[in-house]
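Novice: Chains as they are written, first to last, in the UniProt record's numbering: chain A, 1 to 174; chain H, 1 to 346.
Heads up, some of the hints might be wrong.
Simulated pairs of lysine-lysine, BS3-like, Cα-Cα distance not exceeding 30 Å [unchecked claim]: (1) Lys-51/A to Lys-132/A; (2) Lys-46/A to Lys-61/H; (3) Lys-132/A to Lys-157/A; (4) Lys-321/H to Lys-51/A; (5) Lys-98/A to Lys-157/A; (6) Lys-108/A to Lys-166/A; (7) Lys-155/A to Lys-65/A; (8) Lys-33/H to Lys-41/A; (9) Lys-65/A to Lys-51/A; (10) Lys-29/A to Lys-33/H; (11) Lys-8/A to Lys-29/A; (12) Lys-40/A to Lys-33/H; (13) Lys-46/A to Lys-33/H; (14) Lys-321/H to Lys-14/A; (15) Lys-61/H to Lys-29/A; (16) Lys-157/A to Lys-167/A; (17) Lys-108/A to Lys-65/A; (18) Lys-172/A to Lys-155/A.
Keep in mind the hints are simulated off the structure, nothing from the lab.
These numbers were taken from a predicted model, which means no experiment stands behind them.
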Amino acid sequence: MQSLSNRKKVLEQKPMNFWERMYLPAIAKGLGITIRHFFKKIPTVKYPEEKRPYSKNFRGQHSLKRDEAGRERCTACGLCALSCPAEAITMIAAERKKGEEALYREEKYAAVYEINMLRCIFCGLCEEACPKEAIYLDGPHVTAEYLRKDFIYGKDKLVEPAFDIKKLIQDKSN
Amino acid sequence: MEGAFILEKLILVVIVFTVSLVIAMYSTLAERKIAGFMQDRYGPNRAGFGGLLQPLCDGGKFFFKEEIIPAGAHRSLFILGPTLAIITACISSAVIPWGQTLDINGRQITLQVADINVGVLYIFGVVALGVYGIMLGGWASNNKFSLLGAIRAASQSISYEIGMGLSIIALLMVTQTLSMSEIVAQQSGFVNWNIWVQPLGFLIFMTCAFAECNRVPFDLPECETELVGGYHTEYSSMKLGLYMFSEYINMFVSSALMAALYFGGYNFPFMHDLGLSPNWITILGVVAFFIKIFGFIFFFMWIRWTLPRFRYDQLMNLGWKMLIPLAIANIVLTGIITIVKDTYFA
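Assemble the whole structure, with the sequences as input and the hints as a guide.
Specialist: Next comes the structure, spelled out in structure tokens:
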């Protein structure tokens, strides 16, 4: 029957001719192929010594950002938790007391901010939802742990370390 | 037999033994490296520089593994199997001439352990013994896969020994001698190599050597896909290691044999035109011999990572219906050519 796609190939099973039964030409051809691979460039990346560069828009561990004065940007509005499709983010809000103006930028801040890294799918929606530019997924890979509870990252792991903005600008200009 | 002679031979034996063990050890690494490169990856490269300590790690691991002798196995034969395999593998290198004579303070030292006048027959005898190690091990294991592997090994080895012997007869018709040292000495220079007069014989010999070493594409005795592990299914620890080791030593010895019988052994091109002292020629000859041997070992591995395994009936067809008739034709052809040459071109 005529095949509709015209791509049908009928396999012919002829007995091998003398040349083919000698094996040797076919073996020589095979040897040629393997020796070509012997000298080919090897695509393996020798991992611990060599690392593949990350993509620029790689999404890794979250970090809670500080503003130029070193104050936490997060105002505990809860939009990130709301936007999270995996429901990985929880927080408890608190009101800023007098004397804490150097620590928190807004009058309301997150006293507890937890992300369950087992639930997180690193989609980046929290980053998009944040009105204060307080959360970014710009960290490294989230590492493995032995216990499930260790995957719940609190503020101790999430808030970026304090920095001196003047020194950073100076370093950059140098 | 004076003492110095015995000492000299003893030192040579120790050197040959050590060298063949070391080469067998590093063949395992070479095999994995070559496999890697042919499959577009690096093989083992963690232990030592470029993986050079890998064989030591493997050996150490073998020694520390638990040794299991199955309850139903025949204990003494089970132990005898790998012992026999490794002993026969080691003793076959005794008649291979590694080089010409070294002149040390007037003493002529021949670089050959035993220059017996039936060297080729000795090798055949020892190689034929080699299959007993596999057979005994497979049979004593009390395991059907082992037994099947052993049976395959036995029948394969018998079938291919015939082809091998017949291909050697044609060579002996040319060389007129069974002594290994004379066969190699006849091939001095480059044009006298036996490969030029016996190309077909060499091809048959090489194919049979592959089969005798149980190498791919003739590794049906172990054949993981069908027989679990073949004759060494029940073996563990260093006993398994010895089987592996004997396979690699066999490969080394057959490479040496092919190099000596067909590729001029320690002879290398322009050896008489260099104007060097005999000692230097001898040393260079040993180097040339080992280069040839390594070339053949590489070829063994190259074939392994190129060809798939034969089916058992294909193996038997190739052995009995192709190699043996070809070898006989080769003998007849060699005979005719020799007579024509002697009658008309003498």
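Novice: Look at each hint and say if it fits the structure.
Specialist: Results for each hint:
no., hint, verdict
1, Lys-51/A to Lys-132/A, "violated (34 Å)"
2, Lys-46/A to Lys-61/H, "holds (25 Å)"
3, Lys-132/A to Lys-157/A, "holds (20 Å)"
4, Lys-321/H to Lys-51/A, "violated (56 Å)"
5, Lys-98/A to Lys-157/A, "holds (26 Å)"
6, Lys-108/A to Lys-166/A, "holds (27 Å)"
7, Lys-155/A to Lys-65/A, "holds (11 Å)"
8, Lys-33/H to Lys-41/A, "holds (15 Å)"
9, Lys-65/A to Lys-51/A, "holds (27 Å)"
10, Lys-29/A to Lys-33/H, "holds (22 Å)"
11, Lys-8/A to Lys-29/A, "holds (27 Å)"
12, Lys-40/A to Lys-33/H, "holds (14 Å)"
13, Lys-46/A to Lys-33/H, "holds (15 Å)"
14, Lys-321/H to Lys-14/A, "holds (21 Å)"
15, Lys-61/H to Lys-29/A, "violated (39 Å)"
16, Lys-157/A to Lys-167/A, "holds (24 Å)"
17, Lys-108/A to Lys-65/A, "holds (15 Å)"
18, Lys-172/A to Lys-155/A, "holds (28 Å)"
Violated hints for the displayed structure, listed by number in ascending order: 1, 4 and 15.
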